[in-house]
Amino acid sequence: MNKIPNRQAICETLMSYAKEDKHIIALCSDSRGSASMTPFFNEFPEQSVEVGIAEQNLVSISAGMAHCGEKPYCFSPACFLSTRSYEQAKVDVAYSNTNVKLIGISGGISYGELGMSHHSAQDIAAMSAIPNMRVYLPSDRFQTVKLIESLLKDEKPAYVRVGRNPVEDIYSEDNCPFEMDRATVIGELDGKNDVAIVACGEMVRPAAEAAAILKEKGIKAVVLDMYCVKPLDKGAVVKAARSAELVITVEEHAPYGGLGSAVAVEVAANCPKKVITMALPDDHVITGKSGAVFDYYGLNAEGIAKKAVENLG
Amino acid sequence: MKKTEFDAKALTIKSLELRKVVLDMIMNSGGGHIGGDFSVMDILVTLYFDQMNIGPENMDDADRDYFIMSKGHSVESYYAVLAAKGFFETETVVREFSQFGSKFIGHPNNELPGIEMNSGSLGHGLPVCVGMALACRKENRPGRVYTVMGDGELAEGSVWEGFMAGGHYGLSNLCAVVDRNRLQISGTTEQVMTHENLHAQIESFGWHVIETQGNDIAKLHEAFEQAKTVKDKPVCIIANTVKGYGGGEIMENKAAWHHHVPTREEYGQIIKALDAKKEEMLHE
Chain V
1 MNKIPNRQAI
11 CETLMSYAKE
21 DKHIIALCSD
31 SRGSASMTPF
41 FNEFPEQSVE
51 VGIAEQNLVS
61 ISAGMAHCGE
71 KPYCFSPACF
81 LSTRSYEQAK
91 VDVAYSNTNV
101 KLIGISGGIS
111 YGELGMSHHS
121 AQDIAAMSAI
131 PNMRVYLPSD
141 RFQTVKLIES
151 LLKDEKPAYV
161 RVGRNPVEDI
171 YSEDNCPFEM
181 DRATVIGELD
191 GKNDVAIVAC
201 GEMVRPAAEA
211 AAILKEKGIK
221 AVVLDMYCVK
231 PLDKGAVVKA
241 ARSAELVITV
251 EEHAPYGGLG
261 SAVAVEVAAN
271 CPKKVITMAL
281 PDDHVITGKS
291 GAVFDYYGLN
301 AEGIAKKAVE
311 NLG
Chain Z
1001 MKKTEFDAKA
1011 LTIKSLELRK
1021 VVLDMIMNSG
1031 GGHIGGDFSV
1041 MDILVTLYFD
1051 QMNIGPENMD
1061 DADRDYFIMS
1071 KGHSVESYYA
1081 VLAAKGFFET
1091 ETVVREFSQF
1101 GSKFIGHPNN
1111 ELPGIEMNSG
1121 SLGHGLPVCV
1131 GMALACRKEN
1141 RPGRVYTVMG
1151 DGELAEGSVW
1161 EGFMAGGHYG
1171 LSNLCAVVDR
1181 NRLQISGTTE
1191 QVMTHENLHA
1201 QIESFGWHVI
1211 ETQGNDIAKL
1221 HEAFEQAKTV
1231 KDKPVCIIAN
1241 TVKGYGGGEI
1251 MENKAAWHHH
1261 VPTREEYGQI
1271 IKALDAKKEE
1281 MLHE
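Line by line, the protein sequences are chains V and Z. The first sequence begins at 1 in the numbering used here and counts up by one. The second sequence begins at 1001 in the numbering used here and counts up by one.
Worth flagging that the hints you see were computed from the coordinates, not collected in a lab. If you're wondering where the values come from, they're calculated on a predicted model, not measured in any experiment. There may be inaccurate statements among the hints.
Some chain Z residues judged to face chain V by a derived CB distance under 10 Å, without partners named [what the hints assert, rightly or not]:
| no. | residue |
| --- | --- |
| 1 | Y1066 |
| 2 | M1117 |
| 3 | G1125 |
| 4 | P1142 |
| 5 | V1145 |
| 6 | E1161 |
| 7 | H1168 |
Computed cross-link-like contacts, DSS-like style, restricted to lysine-lysine with a CA-CA straight-line distance of at most 27 Å [what the hints assert, rightly or not]:
| no. | chain 1 | residue 1 | chain 2 | residue 2 |
| --- | --- | --- | --- | --- |
| 8 | Z | K1254 | Z | K1272 |
| 9 | V | K274 | V | K306 |
| 10 | Z | K1009 | V | K90 |
| 11 | V | K22 | V | K146 |
| 12 | V | K19 | Z | K1103 |
| 13 | Z | K1254 | Z | K1219 |
| 14 | V | K306 | V | K217 |
| 15 | Z | K1103 | V | K156 |
| 16 | V | K156 | Z | K1138 |
| 17 | Z | K1233 | Z | K1009 |
| 18 | Z | K1085 | Z | K1020 |
| 19 | V | K22 | Z | K1233 |
| 20 | Z | K1272 | Z | K1009 |
| 21 | Z | K1272 | V | K153 |
| 22 | V | K192 | V | K274 |
| 23 | V | K274 | V | K220 |
| 24 | V | K153 | V | K234 |
| 25 | Z | K1138 | V | K22 |
| 26 | V | K215 | V | K307 |
| 27 | Z | K1014 | Z | K1277 |
| 28 | V | K220 | V | K307 |
Chain V is nowhere near these chain Z residues, computed Cβ spacing over 10 Å in every case [what the hints assert, rightly or not]:
| no. | residue |
| --- | --- |
| 29 | D1024 |
| 30 | G1031 |
| 31 | R1095 |
| 32 | Q1099 |
| 33 | T1229 |
| 34 | A1273 |
Using N, Cα and C, we set each Cβ at its ideal position, and we do this for glycine too.
Just chain Z, with the same shape it has in the complex (with noise of 0.2 Å):
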């Protein structure tokens, strides 16, 4: 693929306008997740605007970059970064997204084309990566291994078996990210499973830790771009979001927003907010 200048103004304001598909697929269908939706779009559109060696043209190219989107309750804004990168219509996902018989499940489907694998189920996305990786270092493959996991979903015991046979195997070709929003279903993670000391905890298995800003589009580059040079061990990147980020004060950092459907007022709130941000990034 071509790769193309990396410009982190264009790529935040694309991610801002894709906040709205979201927000339209979910307003549509009256279900989601908007708050892991908007946290981790920054962290999407870096790995498929800027880092990731895939699209529509080298989908089935097995030297390709490989993506899980393991915390698949997020899957609004996967398939609205999906559709921006041409798998599909954006006007189709909108209209049939978790329809009846509708292809757009509420998690993702690789029934979809650049779906790699169904996930939902919490836990998986790591694991699968560490045996994608594993083929891939063995088949002498260039293609990179991405995941993002939700930081919630890290009390699954699954991932940290992950964890451990990713540094195991020391496989350099793996990075996993972490939306570190701090906030789940039930309240803040610190309360619910602490996750203090993470990435002392990630290291211990053997990984490089990187932590950086989630939603600073220039910052996921520098932390993207420090992984690829990273030798013999696999990457993991804290990316430090806020819950709801873009959506303005009704929603940011609000647990309650987790899967919360706006109402038409609070609908109307939000692409206020989504428009002022884009107005700064404009003008800055």
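Next comes chain V alone, as it looks inside the complex (with noise of 0.2 Å):
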């Protein structure tokens, strides 16, 4: 079982650049801990900044730094980076043009016991809404690292959003293929396929997982490790919706305006095809630990599956 949660890895790889790199800059609002930037603020306290509790002043302070030529990276739980700052993040950020990377951690449903005002299940539909800003999530650890890497070389706005927990590693130091802004293809996206299964963030695992099963059951799949919902690689949905009878989606957010709606439009105007979205539900979220949860909705493997095999001819 991996260790290391995506947000570590955001810190190792942020680390590893500030060294040369003095621009670069870490802010957090009060939550170094969660973001796993302690070691950051440490080592790097003349490219920290803390704002303490105040997650308006935290993106704006940014923007400001960006546009005198800094690099902020700006952590804050997703759930409050994405709506409580959402007009700092339209406007300073998105508006202005300005090179600051939104980092939204412990993102979806990772504080599941903690009630609705710390899920943030709408943040895919909110940031991608907002022109001039990308959004991205990161599968697994290793794909994290690439992604921070592709981004520290940009001068343009983006919101990344991780979750709290470490999260079974889908690639490896030797092999993760990455291309910025283009899905990661799991199996073969070439020939004919029965189902193709677009997925983000920690919904990518139990997708690749649900394959397996429907591999074993004769049902060819082919997955999309979709972390870039904007710009989603529109080439890949439509070739793999060309490829399949059914398309699936999954996704750690409200069923409304996230993955699942940007996917269907493309395969629509593209090439029709029955597309089944999976995801949170336009309910308060059940309490619990995130893994529970996603049990309980059927956002794993088996439930992934079990959509393919009732929704194929």
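Could you fit the two chains together into a complex? Lean on the hints.
Right, dumping it as structure tokens:
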């Protein structure tokens, strides 16, 4: 079992680059522990800014620093970062086009026992609706490193959501195919498939496991790891949909405005196929640790496989 | 940038003339926020023509001074001052302001030269400036960071997050100005949301506070000079102004003129009032 959560992978990546690049700044809103950013704050005090519990200030200060040539990585629980400081993300980051990377930690239902106030099941929809804002949900620690390395090279706004808990590895140190803004294909995109499963973030691992279950049943599935929800890899979506009879999307998000909506739009416009969107309910999410909550709503390998079987002709 | 000698009379006349440009923009477009434009104009003229090291020739120099127009709805006065400073042509902004497809949007647009960040949504300028001041201090840059807020804007909680962080970090390179004209859309600021203890409130956040007459360029000059001598603290200048200042009896100190578009007759009366004030200055 992997013990390194994606947030820790972000900290380690930023630390390795911050030694050389003194413009890399980490900002936290009393969230350095939750963000796994304490080592960064300890080693690079001159490149660290604490703003206290003030998410609006966090984002605006980051934007001001970016405008003056710094490279801010702005950490706060995704639930607060994506809604409490939504206007600052819209105006000071996206509209003013500042090089701010918003890192939403403990995303989705990571804080499963803490209630709706601490869930971020709207962040993909909210952030995706802002022009000039990119939205990324990396699946495992290896992909997280590749994503952050790629974001360090550009100067555009982005929102990244990661969960709180370690997730099982999908890739490895030596085998983590990654091209910026292109989905990673698990399985075969060329040729014929029965089902195309498009997933992001923590849902990629169960999607890959579902493909293995389906294989045993003689059902061929391809999985798209769509860490880039915006800009969506439309080409991969259309290709995957064309290769299959059925498309299933899986996300740790409300059923509206997330990955499922984006995929359905592309499929409907380019190669109409049945699209099943699997997501959290449009309701108050049941209390529990995230794994138990995923199981309850069928957001696990068995649930995804079952959905495929039910919906295949 | 070459520093010119301070001349309060010349700047006051410039400020009165620039109000006419504002008037032309609003008459031509049929919209704008004239009351706040006229109250803030002297603050902007003092900043751009006396205080700040910023102009078209050094707008990409990291060591420049930085300015954010937090009360972005007073964009007409901001555009008029930037045009006078040479960032773009006055004729262009008067002709294109708020027109279809124009870059001269009804709130500051940083696709235009001279505008650092977009604003319009209130309560953003100060926190953004805290970030700029932190960055300038980190890089040992000489530039100072300025913002102008409206007094109605101070009801936004994010303003106080900015005051809190500015004081916490002791940002002596940061200067915030409050255009204290005491009026907002719905009436007086004291009726809508009181700021009667504003001086003490801001001071309690660890700021040095200076109160001055915000429609008196000589007094503003003194306040900004004093602000530069303050160590280890940011400075807030509460500039007591009159909404609609310079436009004469018909518009001065009247909440209804927040975004009133003058009739032709009112236009004539305002021009007359501005010219009378100018005459007064010339013969002082």
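Could you check the structure against the hints above and give me the numbers of any it violates, in ascending order?
Structure breaks hints 4, 10, 12, 17 and 21.
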